[in-house]
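**Q** So the chains spell out like this:
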Amino acid sequence: MARDLRSNGAYPEGSSYASFVRKRRRTGTFFRTLFLLATVLGIVILAVLILDVANSAFGYVAVQNRVDPERLIDSYFKQQMLSMPRTVTGEDDVALAEGVAARPGAIGFFGYGYYQDRADALRGLAIDGVAPAAQNAADGGYLLARPLFLYTSQSILRSQPQVSAFVNFYLNNAADVAEEVGYIRASQADLADSLALWERAAGLTASTADTLFPASGDIHIAGSSTVQPITRRMAERFQAELPYSGQITIDGGGTLAGFERLCRARDIDLADASRAMERPDAAVCRNNRIEPLAFQVATDAVTVVASQQNEFLTGVTREQLRQIFIGAERWSEVDPSWPNTPILRFIPGEASGTLDFFVAQVFGDSLEELPKEHLLAILSANISAGRLRALNAEQALVERTQEEIYELVVSEVVRPNVVESWSFTESLFNKAEIEAEVATIPNAVLEFKAWLNWDFVTSPQSSNPTLAGIRTAILGSLFVTLIAFLVAVPLGVGAATYLEEYSKGTKLDGIIETNINNLAGVPSIIYGLLGLAVFVRFFGQLTSGVAFGAADPSTANGRTILSAGLTLGLLILPLVIINGREAIRAVPKAFREAALGLGATKWQATWTHVLPNAMPGILTGVILAVSRAFGETAPLIVVGVSTFIVVDPSGPFSKFTTLPVQIYQWTSRPQEEFQRLAAAAILVLLFLLITLNATAIFLRNRLKRDY
Amino acid sequence: MALNNSSNGAAANGKYAAEAHNLNIYYGGFQAVRDINLSIERQKITALIGPSGCGKSTVLRAFNRMNDLIPIARTEGNVLFHGKNIYDADVDAVEVRRRVGMVFQKPNPFPKSIYENISWGAKINGYKGNMDDLVEDALRSAALWDEVKDKLKQSGYSLSGGQQQRLCIARAIAIKPDIILMDEPCSALDPIATLRIEELMKELVERYTIIIVTHNMQQAARVSDYTAFFTVTPDRTGYLEEFGVTKQMFTSPASKVTEDYITGRFG
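As you go down the protein sequences, you meet chains R and L in turn.
Sequential numbering from 0 applies to the first sequence in numbering that gives the first Met the number 0.
Sequential numbering from 0 applies to the second sequence in numbering that gives the first Met the number 0.
Worth flagging that the hints you see were computed from the coordinates, not collected in a lab.
Hints should not be assumed to be uniformly reliable.
What the hints assert, rightly or not - Below 27 angstroms or equal to it, Euclidean Cα-Cα: the simulated BS3-like pairs (lysine-lysine) are: (1) L:LYS148 - R:LYS703; (2) L:LYS122 - R:LYS601; (3) L:LYS246 - L:LYS111; (4) R:LYS703 - L:LYS83; (5) R:LYS588 - L:LYS246; (6) L:LYS111 - R:LYS601; (7) L:LYS246 - R:LYS601; (8) R:LYS703 - L:LYS152.
Bear in mind the structure is a predicted one, so any value in this text is a computation, not a measurement.
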């Protein structure tokens, strides 16, 4: 007789039932929260990982060129100019002026002052339609105008009132004195800027400048001899007109010597300069804790002149100047309307700053835009004959494109070198510190560098981190994965079909099955050893292509893409089989029965109904397997992947490297720059894997929609 | 040796479409059915009934060698089809199934279009006639044409359960079998759909021999001409308890066990 289950308290009722339900709900909530947290944690960890990698792949770098590309170009064109026939060089500008004046077929250039002296016999040529006149030079329209400077530093101005007073006097009278000694006055705006700079640096205003007098103490000046006449005249007037009782010494030595003495030797107060301070000069100053101040005091215009007797030259273009001074032998070569007579050239000598300036202004292209023949000449002039032969042997230099030659010049001559690098967060938050650090590195420039960029993806490997790329590795990875795919998918799906559809469960089938399941758990390095023993050693003749007559002597040892692809194919085969079997097993039995019930053969039922319905599941397995192959490193190292290779794989019998191996190789190097390259390569690897998987998932979903 | 179709073999074996002689079927060491002797009359509906586990489905599947698909199954005895034992070594199961079609318990159209569901069987069996006509013919025979003629390109799974089952019947008819085996064809369907299938069976029996397994005794009584009642021994081996004309069996069964079952006293 059944007991009444309601009355004896076997089940909780009323309020105790309500609390019982609440308790069960709490358990549910607890686990739901736990799983949610686990999911969130997983996503956060993944995001942090990717961000950390990305953080290393972008940031500031200090780049040091072994050779400054600008100087490379300048010295090349300078040598070209000096080696042209019928070219007279001389340090004496007066002699050059006389030489041009006397010859109708001559052309030359020198300072504006010397042209003014012989304006009766010389004709100053307009360049690109701008005449060498004072106004054009001052407003910057004239190509060969250059500012002249006086350099000092704030600490000198503050600690030595007599220097401060002299600079103030200099700037107030610069316009007049410049013209007085044959130069072009600086523009009003430039002089006003210079005065404003003086006020800020000296901590005084125009009205309080008088407090500096009476002044005493010596003033030491050195530097450019071009600026010297102005400075000398200024010193005379300063001593004569103002209450100053001290000595002013003025030395020459050139602009560079002036900078050196101002910043390194620190034995002068002011430096005359015919050019602005460049990066290396500024670095010297900063290293000695001197913040240089530049005051523009006048303008010079290098003037291209012809004789008054010349009947065809009135103006030239920049392009014509290039031809006249390099390349052309006769005037008619430059312009057909000009006479067929030889060009006679009168130019300042090799040591002259004027020549440097002329070259920089007229020929100063960026290296990248230089025509191929010039790049070739620069290349051969700057590398050893042996290296040149080696490059020529790789591919004849004359056959290479301008772009390739440019890259050679960069990698062989300029040799940019990242000497220091910072992560993205460091770049963002410690910019001041980084700048200070870069200032202590000679010749270094601070640049923001994305280590992951198009060049990185398209360049081959290099031992110089600035030039290194992963093209070879990407191609190698794709090639090896493709072979692994071609091996593993047909074999794997075939084996899965056999085991699921045809296997009769015999002992042999059982052994095969157990083996496959165990193979899926074998460490990948073991597959590497297997690949080494079987594909590389035993079948070396086949995998190196010798047997097909396709052997490249350097790769004939079997360490080829084919060996690696076969090894990885074996590695992922169990994955494909196991997932394929699951997928085939998941196809409803009803489909098989329906097909067989209609008189279909086993194969017809399998091919038309089982495999198509299993395809999405099989594809899932294949995606997993291919991703595994793509990211595998250890077996490839055993099989004999090349860790440093710059030649793209050309076929299954090529040597190769893969992306993960490349990353591994970079991370194992001590230099920080290679770690950054590795980070960039990791991003590429992730991107490729995600693209690969997304494509496969897209395909899978499309197949799924069909029924 | 090829099995003969009724149309060209003529009255090769007179009255019976198929005959089972001393049929014993084993699953591994377990005997599923014992000593079955059953003669299926041409163009009649024979119903196989009995309690769960009595082996009626196993016997049904023995008529087109579907049991071969179960690796551990073993069949002894003969099933004669036009006088030829289909279990002879020289008979291909594929050919048997071509002659003896089957409709399953759960509607199982292919995940393909309605049209392809019909045409595929014809195609693999080497049909050379006009496919559109065959599809229309089969669908009309299965009383489905009017419902699907405008959506032949749609998936078979877009149909309702009853329509799907009729599609499966059409698919079986399309290859022109002699016998159609139906394994509880209505157990997954609602009463109205069931009724339509039963009506269809009555139409089909004018051209085909039908063997149906059913749990539903009313159904057996309604549609079948002959009924075979199976039951089990205590060691769960099925055997044929009684076989006869349906009307007679449902009104005056010869055996006590049959009577108990039919009147609902067990099973």
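**Q** Could you tell me which of the numbered hints above are not met by this structure, giving the numbers in increasing order?
**A** Violated hints (numbers, rising): 3, 4, 5 and 7; every other hint is consistent with the structure.
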